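S.K.: Chain by chain, the residues run as shown.
There are 2 protein chains.
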Amino acid sequence: MAGPAYRRIAAVALVGAALLAPVARGEAADAPGKAAEADWRAIPDDELLVMTLAGGHRVVIRLAPSFAPEHVANVRALALAHWWDGESVYRVQDNWVAQWGDATEKKPLPPAVKMLPAAEYDFAPLASAQRLSRTDAYSRESGVTADGWSLAGDGTRSWLPHCYGTVGVARDDAPDTGTGAELFMPLGGSARRLDRAYTIIGRVIEGAGYLAGLPRSAAPMGVYASVAERMPILQVRLASDMAAEERPHYQYRRADNERFAAMIAGREHPAPPRPALGGVDICDVPLEVRPAP
Amino acid sequence: MAGPAYRRIAAVALVGAALLAPVARGEAADAPGKAAEADWRAIPDDELLVMTLAGGHRVVIRLAPSFAPEHVANVRALALAHWWDGESVYRVQDNWVAQWGDATEKKPLPPAVKMLPAAEYDFAPLASAQRLSRTDAYSRESGVTADGWSLAGDGTRSWLPHCYGTVGVARDDAPDTGTGAELFMPLGGSARRLDRAYTIIGRVIEGAGYLAGLPRSAAPMGVYASVAERMPILQVRLASDMAAEERPHYQYRRADNERFAAMIAGREHPAPPRPALGGVDICDVPLEVRPAP
Chain A
38 MAGPAYRRIA AVALVGAALL APVARGEAAD APGKAAEADW RAIPDDELLV MTLAGGHRVV
98 IRLAPSFAPE HVANVRALAL AHWWDGESVY RVQDNWVAQW GDATEKKPLP PAVKMLPAAE
158 YDFAPLASAQ RLSRTDAYSR ESGVTADGWS LAGDGTRSWL PHCYGTVGVA RDDAPDTGTG
218 AELFMPLGGS ARRLDRAYTI IGRVIEGAGY LAGLPRSAAP MGVYASVAER MPILQVRLAS
278 DMAAEERPHY QYRRADNERF AAMIAGREHP APPRPALGGV DICDVPLEVR PAP
Chain B
38 MAGPAYRRIA AVALVGAALL APVARGEAAD APGKAAEADW RAIPDDELLV MTLAGGHRVV
98 IRLAPSFAPE HVANVRALAL AHWWDGESVY RVQDNWVAQW GDATEKKPLP PAVKMLPAAE
158 YDFAPLASAQ RLSRTDAYSR ESGVTADGWS LAGDGTRSWL PHCYGTVGVA RDDAPDTGTG
218 AELFMPLGGS ARRLDRAYTI IGRVIEGAGY LAGLPRSAAP MGVYASVAER MPILQVRLAS
278 DMAAEERPHY QYRRADNERF AAMIAGREHP APPRPALGGV DICDVPLEVR PAP
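As you go down the protein sequences, you meet chains A and B in turn.
In this text, residue positions in the first sequence follow my numbering: the first is 38, and each later residue adds one.
In this text, residue positions in the second sequence follow my numbering: the first is 38, and each later residue adds one.
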C-alpha cells in the first residue's frame with residue numbers, strides 16, 4: 038500500500054499548500070506576487086481594537102475610520118469607557134455571524150457615544166488601487182484600495198463588502214439605529230447580501246478563527262439560550278490605550294504596487310492544470326497583515 | 038435609555054430575522070417562495086451517510102451518486118467496511134476546510150475501493166431547473182437542478198460548486214488520486230477556487246455547524262499537531278446499513294417548480310429598503326431539506 042498511502046499523504050498537503058488559506062493568515066504569497074519590504078506600513082495604534090476573551094484568547098480588529106468615521110468614533114468611545122468589559126459573545130449562528138456586546142441590550146451607553154450616527158456604507162464610485170477582472174452577484178466592480186481595504190461598487194457608489202472577518206454594526210430596521218455597541222463578524226460563506234445595508238467598522242486581523250470556531254447555537258437566530266453558553270469578554274481596548282508592553286503592533290500590505298497586482302493576477306490565472314475563468318472573488322483576495330518586525 | 042435600549046434589542050432580532058441564515062437550516066421561506074407539500078421528496082437511505090463523532094454529535098451527508106458515481110461507490114464501500122470507525126477529524130483550517138479520515142494516511146483500504154477513480158467534476162452544459170440572474174468570478178452561469186443540487190457552468194460544461202457544507206475528496210496532484218477515504222468540507226467564505234479541481238461527493242445536511250465550529254489548528258495547513266486535538270469518529274454508516282430505529286430519514290425540496298423560482302426571485306430582489314443588484318450567489322440559495330414527517 039506504499040504507493041496509495043504516499044499519494045494520500047501528499048493529498049493532505051496539496052489541499053492546503055496549492056490552495057492556500059487566505060485572508061486571515063497573512064500568508065506568504067509566491068513571487069512575483071510577494072510583498073516587498075516597502076509595501077508594509079504600520080497600522081496606527083488608535084486603529085487597532087483589542088478584544089480579550091475568556092481564556093486569554095485575543096481578537097484584534099483593524100478599524101476603518103476613513104470609511105465609517107462616526108461609528109468608529111463610537112467604538113473608540115466605548116472602548117475608552119471599558120464598556121464591553123464583562124460583556125460577551127452572545128450569538129453564534131452557523132454559516133452566518135458571531136455577535137458580541139451586551140446580551141441584555143439594556144446597558145446604558147457612555148455619554149460620548151452618538152446615538153444616531155448616519156449609515157456609513159455609500160461611498161464615492163470605486164477608485165481602488167487594484168481592480169478585479171470579474172465581478173459577482175452583489176456588485177458590478179470590485180477592488181482593493183491602496184491602504185488595503187476591499188471595496189465593491191455598482192458604478193455610481195462603492196461600499197465595503199461583507200467578507201469573512203469583516204466587523205459590522207448590528208442595528209434595528211432603520212439604517213441609523215446601530216451605535217457600534219453591538220458588533221458582528223460574518224463567519225460563513227454567505228454574508229454578501231448584507232452589503233449596503235450594514236455599516237462596517239473594520240476587519241478582524243487576528244483571532245477571527247477563534248470567533249468562527251465557537252460553538253453554534255441551535256436557538257433562534259443563534260443567540261445562546263443560556264448565560265453559561267456565552268463567551269465572556271474580559272476587556273476591549275484601543276491599542277493606543279494599552280500599556281506599551283501589552284500593545285500589539287501590526288502592519289498592513291499596501292496594494293498600490295505591481296506586486297499586489299501580480300498577486301491578484303496569480304489568483305485569477307492559477308498555473309495549469311488548475312482551471313479558472315480569469316476571476317477571483319473579492320472576498321478571496323488576501324488582505325495581508327503581519328506583526329510589526 | 039428606554040428608546041435606544043429598545044432599538045438595540047430589535048437590532049439583534051433584525052440581523053437574524055430579516056437576514057435569515059441560509060443553506061444548512063432548512064429555513065421556512067416566505068410565501069410565495071415557500072415549498073408546497075408536493076415539493077418534498079425522500080432522500081433514499083443509501084444516499085445518506087451518517088457520521089457520529091465523539092460526544093454523539095451527528096453529521097449527515099446527502100450523497101451525490103448521479104454526479105460522482107465512482108467516488109460515491111468508494112464511499113459506500115468504506116462505510117460498509119466500517120473503515121472510518123475510530124478515525125478522526127484531523128484538520129480544521131480557519132476559513133478553509135475541515136477534513137477527516139485516517140490522519141496517518143497509512144490505513145489499508147478495503148478491497149472493494151477503487152484506487153484510481155476518474156475525476157468526476159466535468160458534467161454536461163448547465164441544464165438546471167432554475168437559473169440565477171447573475172453570475173460570479175468562478176462561473177459564467179449557475180443554477181439548481183430539479184433534485185436540489187447547485188451547479189455552476191461555463192457554457193460548455195457544468196460542475197458542483199464548493200459552497201459551505203459541500204463534501205469534497207482530498208487528493209494528490211493528479212485528479213484521479215483521491216479515493217474518497219479522506220474527505221473535506223469547506224467551512225469559510227472562500228472555497229470556490231476549488232471548483233473543477235476536486236470531486237464533490239455530496240453535501241452536509243445535518244451537523245455542518247458542528248464541523249465548522251471545531252477549534253482551528255494553528256499548525257501548518259490546519260492539521261492538528263497532536264492526537265489529543267483530533268475529534269474522534271465513532272462510526273460512519275450508510276443509513277441503509279443502520280438498524281431501522283436508528284436510521285435518519287430526510288426529504289429534499291424539489292427545485293422544478295414556480296415556488297422555488299419565487300424563492301430565488303425573492304433573494305435576487307429583496308423588499309425595499311434593502312438594496313440589491315438583482316443577483317444572489319449560488320452558494321446563498323438555500324437547498325432545503327427536512328426530516329421526513
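Just so you know, the hints here were simulated from the structure itself, not pulled from any lab data.
Please read all numbers here as calculations on a predicted model, not as lab measurements.
Treat the hints with care, as some may be off.
Copies of the same chain are indistinguishable here, so a pair counts whether it falls within one copy or spans any two.
Below, simulated SDA-like cross-link-like pairs (lysine to any residue); rule was C-alpha separation at most 25 Å, straight line [what the hints assert, rightly or not]:
1) K71 with M258
2) K71 with F160
3) K143 with A313
4) K151 with A140
5) K71 with D191
6) K71 with A256
7) K71 with D210
8) K71 with A166
9) K151 with E74
10) K143 with A75
11) K151 with A164
12) K71 with A140
S.K.: Is it within, between, both or neither when you check K71 against F160 at 25 Å Cα-Cα?
M.R.: Result: close neither inside a copy nor across copies, 30 Å intra and 36 Å inter.
S.K.: With identical chains, the pair K71 and A256 could be close in the same copy or across copies; at 25 Å between alpha carbons, which is it: within, between, both, or neither?
M.R.: Answer is between; shortest inter-copy Cα gap is 22 Å, intra-copy 44 Å.
S.K.: Checking K71 and D210: alpha-carbon separation at most 25 Å within a copy, between copies, both or neither?
M.R.: Between copies, since 24 Å is at most 25 Å while 43 Å is not.
S.K.: Could you figure out if K151 and A140 sit no more than 25 Å apart (CA to CA) within one copy, between two copies, both or neither?
M.R.: For K151 and A140, the Cα distance is within 25 Å only inside one copy (20 Å; across copies 53 Å).
S.K.: Regarding K71 and A166, is the shortest C-alpha distance of 25 Å or less found within a copy, between copies, in both, or in neither?
M.R.: within (17 Å within a copy, 43 Å between copies)
S.K.: Can you give me the call for K151 and A164, within, between, both or neither, at a CA distance of at most 25 Å?
M.R.: neither (30 Å within a copy, 53 Å between copies)
S.K.: Is it within, between, both, or neither for K71 and A140, if the alpha carbons may be no more than 25 Å apart?
M.R.: Classified as neither: same-chain Cα gap 43 Å, cross-chain 32 Å, threshold 25 Å.
S.K.: Go through the copies and call it for K71 and M258: within, between, both or neither, with a Cα cutoff of 25 Å.
M.R.: between (41 Å within a copy, 19 Å between copies)
S.K.: Within a copy, between copies, both or neither: which one fits K143 and A75 at a CA-CA cutoff of 25 Å?
M.R.: neither (47 Å within a copy, 46 Å between copies)
S.K.: At most 25 Å between CA atoms: does that hold for K71 and D191 within a copy, between copies, both, or neither?
M.R.: neither (30 Å within a copy, 30 Å between copies)
S.K.: When no copy is specified for K151 and E74, does a C-alpha distance of 25 Å or less occur within a copy, between copies, both, or neither?
M.R.: Neither way: K151 and E74 sit 40 Å apart in one copy and 49 Å across, limit 25 Å.
S.K.: Tell me, please, which holds for K143 and A313 at an alpha-carbon limit of 25 Å: within, between, both or neither?
M.R.: So K143 and A313 fail the 25 Å test inside a copy (50 Å) and across (33 Å) alike.
When held up to the earlier numbered hints, the structure conflicts with 2, 3, 5, 9, 10, 11 and 12 and fits the remainder.
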